[in-house]
Amino acid sequence: MGRAKLVDVEVMVSWPSSMTWKGLYPILSLSKTVYQKGISLTKKAMKQVESRLQRNPLLPKWDILIQPL
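In terms of this note's numbering, the sequence shown opens at residue 1 and continues consecutively.
Treat the hints with caution; some may be incorrect.
As the list claims (entries may be wrong) - Dumping the calculated EDC-like pairs for lysine to aspartate or glutamate here, alpha-carbon to alpha-carbon at most 16 Å:
no.	residue 1	residue 2
1	K32	D8
2	K22	D63
3	K32	E10
4	K61	E50
These aren't lab readings, by the way, just hints derived from the structure by calculation.
All chains, full assembly: derive it from the sequences and hints.
Below is the structure:
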């Protein structure tokens, strides 16, 4: 697997555009939201998040589709 030095936002956003999986390119967007540290979800809130996750059975740790609200 190739390596890239992720030194700035432009490199981080452009680097995945050269990758494919089964002929498909990734879709990504940059989020500039700053989140507070030390915040965690309640079990109820986490269940709502988990209900939106779809894991690929072949790559369950790495390939997760997150359905929008």
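The hints, checked one at a time:
no., hint, verdict
1, K32 with D8, "holds (14 Å)"
2, K22 with D63, "holds (13 Å)"
3, K32 with E10, "holds (13 Å)"
4, K61 with E50, "holds (14 Å)"
Hint violations for this structure: none, all hints satisfied.
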